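Just so you know, the sequences run in chain order A and B. Add 1 to the 1-based position in the first sequence for this note's numbering, that's all there is to it. Add 36 to the 1-based position in the second sequence for this note's numbering, that's all there is to it.
Careful, some of the hints might be misleading.
Said to hold, decoys possible - Computed spacing ranges between beta-carbons, pair by pair:
{"no.": "1", "chain 1": "B", "residue 1": "A302", "chain 2": "A", "residue 2": "M62", "range": "38 to 44 angstroms"}
{"no.": "2", "chain 1": "B", "residue 1": "K93", "chain 2": "A", "residue 2": "G241", "range": "48 to 54 angstroms"}
{"no.": "3", "chain 1": "B", "residue 1": "G51", "chain 2": "A", "residue 2": "R214", "range": "37 to 43 angstroms"}
{"no.": "4", "chain 1": "A", "residue 1": "C252", "chain 2": "B", "residue 2": "M176", "range": "43 to 49 angstroms"}
{"no.": "5", "chain 1": "B", "residue 1": "N308", "chain 2": "A", "residue 2": "R21", "range": "50 to 56 angstroms"}
{"no.": "6", "chain 1": "B", "residue 1": "K268", "chain 2": "A", "residue 2": "M62", "range": "38 to 44 angstroms"}
{"no.": "7", "chain 1": "B", "residue 1": "V157", "chain 2": "A", "residue 2": "G241", "range": "38 to 44 angstroms"}
{"no.": "8", "chain 1": "A", "residue 1": "R21", "chain 2": "B", "residue 2": "I309", "range": "45 to 51 angstroms"}
{"no.": "9", "chain 1": "A", "residue 1": "C252", "chain 2": "B", "residue 2": "S158", "range": "53 to 59 angstroms"}
Said to hold, decoys possible - In silico contact screen, one side only, chain A against chain B (beta carbon under 10 angstroms); selected entries:
{"no.": "10", "residue": "L25"}
{"no.": "11", "residue": "Y50"}
{"no.": "12", "residue": "I54"}
{"no.": "13", "residue": "H128"}
{"no.": "14", "residue": "L134"}
{"no.": "15", "residue": "H170"}
{"no.": "16", "residue": "E171"}
{"no.": "17", "residue": "S173"}
{"no.": "18", "residue": "K174"}
{"no.": "19", "residue": "R202"}
{"no.": "20", "residue": "K271"}
{"no.": "21", "residue": "H277"}
{"no.": "22", "residue": "S281"}
{"no.": "23", "residue": "H291"}
{"no.": "24", "residue": "F297"}
{"no.": "25", "residue": "W299"}
Hints in this document: simulated from the structure, not taken from any laboratory. Remember, predicted model here, so these are calculated numbers, not experimental data. Glycine is no exception: its CB is placed at the ideal position from the N, C-alpha and C atoms.
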Amino acid sequence: MKIARYPGLLNFMNYRYPIRFSVLVVTALATYLLAPIGSETYGGSWVGYLLGIVSALIVLMLIWYGIAKRHLPRHRATKPGKRTLRHRADLWRSTQQGRLSLHINLGGSLIVFATLHTGFQFGWNIHTLSYVLMLMTILSGFYGLYAYLRLPRLLTRNACGATLDELRHEISKQDELARAHALGLSDEMNLLIRKARLETRLGGNLVQQLSGRQINCPTTSAVRQILKIGSRNIENEERGLLRDLYSVLLCKESLVLRARRDIMLKARMKIWLYLHVPLSIALLAALLAHILSILFFW
Amino acid sequence: MIYCLLIRLSHNRMGAVARKESILSGDSIRIGRGVPCQLRLHDTRVALLHATLKHSKDGALHIGADGLESIKINGVTQKNADLNPGDRIEIGPYLLIVDPASKGPYLSLTAELTQPTVEQVSCPPLNLDALEINKLKIGMMLAACILFLFILLPLLPAFSPALDKAQSSLPVTLRDSWNPGHMSSGHRALEKQCSVCHQQGFRAVPDKACKACHKNSEKHTSNDAQHGVLFKTLHCTECHRDHKAAAGLMPYDSARCIACHGDIKARSAKANIPNVHEFTRDHPPFRITLRGERPLKVQPTPSLREAPGLKFSHQVHLDKRGIKSPEGDTVLNCADCHRPDKGGFKPITMKQSCQQSGCHELYYAEPADGTVPHGSELEAMNKLREFFVHWLAASAENRASCGADAGNQLELALACADDLARKNAATSLFDKKDGCGECHEIIAKPENTEVPWKISPLHINLKWYKNAVFPHEKHTSTECRSCHDKANSKSSADLAMPPIEKCRECHVGDRTTRGKVSSACDSCHQFHAK
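Turn these sequences into a full structure, and let the hints steer you where they fit.
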């Protein structure tokens, strides 16, 4: 039985775009390296202008992808089964995956084109700022690609079929159980459990979500404290309660860690867009300033 | 023994009352949140063992708070109290009401949580969307900052010359961000004055901006009209690109030269120079410029001689055994006479080179004495005449020898001195083999009454290549004689200029070759040299 190979972002249409853009990149490198000996290899030379124009067009195409994806209606997919030229040409436009594959490969090749365009001359100016913004935008995009390829698997593995709401519900149930168990114990223990119930934090601000941790997590410290208290000389009745409470808290801690990891992975999957989009807009402005300055001081 | 019917009342979310009954019995009933208590009140505001219900000595039901705890009975905080039907006992957040029907050991209690804990559990954002960060807004703000700093501010000086002047003296100017790189060292002072060169927006730097300072820049061809035709569309900035810091202004680019000189006839039909593409491939043989009566540009051949007008043997002077001098036999080296100077050599002079260490001192022949002044025939003759005037005045015997002791003595003496000086000069000073004739060609000039001889003018060649420069200072690692073989030269007419093949032993054109020195056209040639 032939198993259908699911087309990925990178191997879309049998590595169509990686192959095409590798050829372009090699051509650009060859042009740069084999330009007449002694000729200037910076943005102001003919090689530089050529690479600069190509790079600027690529930037516009990349930004257009972001606009079209969000604001333009999608192309209607052509009927399957037809292998006409038109069908093949329409395929990349008709599928989100095809367009994204093109977007990624264009971005990757832009690093080479723009770096050669700089002629490796950098300074504290708008020209280098444009280049740095471009690099940051592309690298944030590459992180996004990594996140989309890698993190969903980790997310599924971590969630084990449970949603975040289910996890939270389970945590509150464990909290209630812990509260009930603690009532038969000392005030100190009740305070500990109360703190674990009220101050254990899921999510939070940007850094807290991305880190997936809580410094001095009350639940974790409650688990440790119970172990310490358990080692003291306590009555048999309390010992049984303590054991039950310990198992409840352990269960809660594991749920909390899973919930935090869930939030962390989701945040890490999305954070790149919070860099990619603003940096793209800033890059467009910087590119405009770069081109204007070159034309003004021709 | 106490028998207690406990009725627990609770309220669900909708406010409906739920009722749960249970029977408690015992000699005493412990009330608290702890496990050993029969009546457990599930709240942390209640102590583990808060109070105990028991019979008093007189048989009545009595409630007493444990330890430091206290209870409120009918609104009054008390430590101990007897219970009566209808009493309202407040223990922490719980209200216990003694049923009015209670009698003796049969107690009926209604327990209700009247002050539930309201716990505020905070719920921070669980995903990035909940943080409400507007990506578009951040991007627009960044873009607005960039447009303000890097477009609006740098453009402002273009609208106001006064602002342009004022901002150029700031440590960071409005246009610094547009500067693609530091300027060459010569132009560094103009780095903050963009408008000195960039006189008009969206226009290239005009030639007049360069020529405002570089007034004496030579044209490329000797023919001004031809230069105008050939380079009509070529502007200064097409070759001299600034803002490249250490790379400098000078183009190190043979391609530009070859673009024309690769097919020079196509550019100028009148051109009389061959095509050149690469130094080792098709650069024409060197042509040297010979000085003399008429400068001559020729290709050196073994039989070619020049006419410097000087008798000089390099062989004698470079004898390995040394040459006689007042200080004994001295071995001379090339640099003893050819003293390096910036870009070439210091001129060889009689005093500095030939008379060093006392060599070639010039003396008059007897009876005259004293040193001969070098450089002027007239001066040498006048000094000789002066000697003979003194010689005649010194003794009557001398005067008698030429008949100047009678008549008009002064005129006779002067004529006699002149005659004696001429005779002396003819046999010594201006002799063709001795005196000046040892180094110079002597030309008889009988028509010249004052000095009837003339030293043939010298044509010492200082610039052999009209259109090229040879930096000797860059070639100090090689010996002089490896290019100029003068060790066996007996005449100064011998040429010792190396052919192009000599240069090609080390140099190649503008390309990388192992073991060779890459040399672009501008290593030897200058564009701005007629």
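Here is what the structure says about each hint:
Our hint of 38 to 44 angstroms for A302 (chain B) and M62 (chain A) holds, since their Cβ atoms are close to 42 angstroms apart. For the hinted restraint 48 to 54 angstroms between K93 (chain B) and G241 (chain A), the CB-CB distance of approximately 37 angstroms leaves it violated. Taking 37 to 43 angstroms as the suggested C-beta distance range, the pair G51 (chain B) and R214 (chain A) conforms, at roughly 41 angstroms. For the pair C252 (chain A) and M176 (chain B), the beta carbons lie near 47 angstroms from each other, so the given range of 43 to 49 angstroms is met.
Restraint check, N308 (chain B) to R21 (chain A): a C-beta distance of roughly 53 angstroms satisfies the suggested window 50 to 56 angstroms. Distance hint for K268 (chain B) and M62 (chain A): a CB-CB separation of about 41 angstroms, consistent with the stated range 38 to 44 angstroms. Checking the proposed 38 to 44 angstroms range against V157 (chain B) and G241 (chain A) shows it is violated: the Cβ atoms sit about 28 angstroms from each other. At about 48 angstroms, the CB distance of R21 (chain A) to I309 (chain B) agrees with the hint of 45 to 51 angstroms.
A hinted range of 53 to 59 angstroms is violated for the C-beta pair C252 (chain A) and S158 (chain B), which are about 22 angstroms apart. Given the 10 angstroms rule on beta carbons, the hint for L25 (chain A) is violated: about 25 angstroms separates it from the nearest Cβ of chain B. Using the Cβ-Cβ criterion of 10 angstroms, the hint placing Y50 (chain A) at the interface with chain B is not satisfied: the shortest such distance is roughly 13 angstroms. Given hint, I54 (chain A) at the interface with chain B, is violated; its Cβ is 17 angstroms from that chain's nearest Cβ, farther than 10 angstroms.
Interface restraint check for H128 (chain A): the shortest CB-CB distance to chain B comes to about 6 angstroms, inside 10 angstroms, so the restraint holds. For L134 (chain A), the interface hint holds, since its Cβ comes within 10 angstroms of a Cβ in chain B; the closest pair sits about 9 angstroms apart. Because the smallest distance between the Cβ of H170 (chain A) and any Cβ of chain B comes to about 13 angstroms, over 10 angstroms, the interface hint for this residue is violated. For the restraint placing E171 (chain A) at the interface with chain B, the shortest Cβ-Cβ distance is roughly 15 angstroms, beyond the 10 angstroms limit, so the hint is violated.
Taking 10 angstroms as the C-beta cut-off, the interface hint given for S173 (chain A) holds, the closest approach to chain B being about 8 angstroms. Violation of the interface hint for K174 (chain A) is found here, the shortest Cβ-Cβ separation to chain B being roughly 14 angstroms, above the 10 angstroms cut-off. The beta carbon of R202 (chain A) is positioned within 10 angstroms of a beta carbon in chain B (closest approach about 6 angstroms), and the interface hint is therefore held. With a cut of 10 angstroms, the hint placing K271 (chain A) at the interface with chain B holds, because the nearest CB-to-CB distance is about 5 angstroms.
Given the 10 angstroms rule on beta carbons, the hint for H277 (chain A) holds: about 8 angstroms separates it from the nearest Cβ of chain B. Hint on S281 (chain A) holds. Least Cβ distance to chain B is approximately 7 angstroms, under the 10 angstroms limit. At its closest, the beta carbon of H291 (chain A) sits 8 angstroms from a beta carbon of chain B; the interface hint therefore holds under the 10 angstroms criterion. Look at F297 (chain A): its Cβ gets to within about 5 angstroms of chain B, closer than 10 angstroms, so that hint holds up.
Interface hint at W299 (chain A): satisfied, since its Cβ lies 5 angstroms from the closest Cβ of chain B, which is below the 10 angstroms cut-off.
The earlier numbered hints that this structure contradicts are 2, 7, 9, 10, 11, 12, 15, 16, 18.
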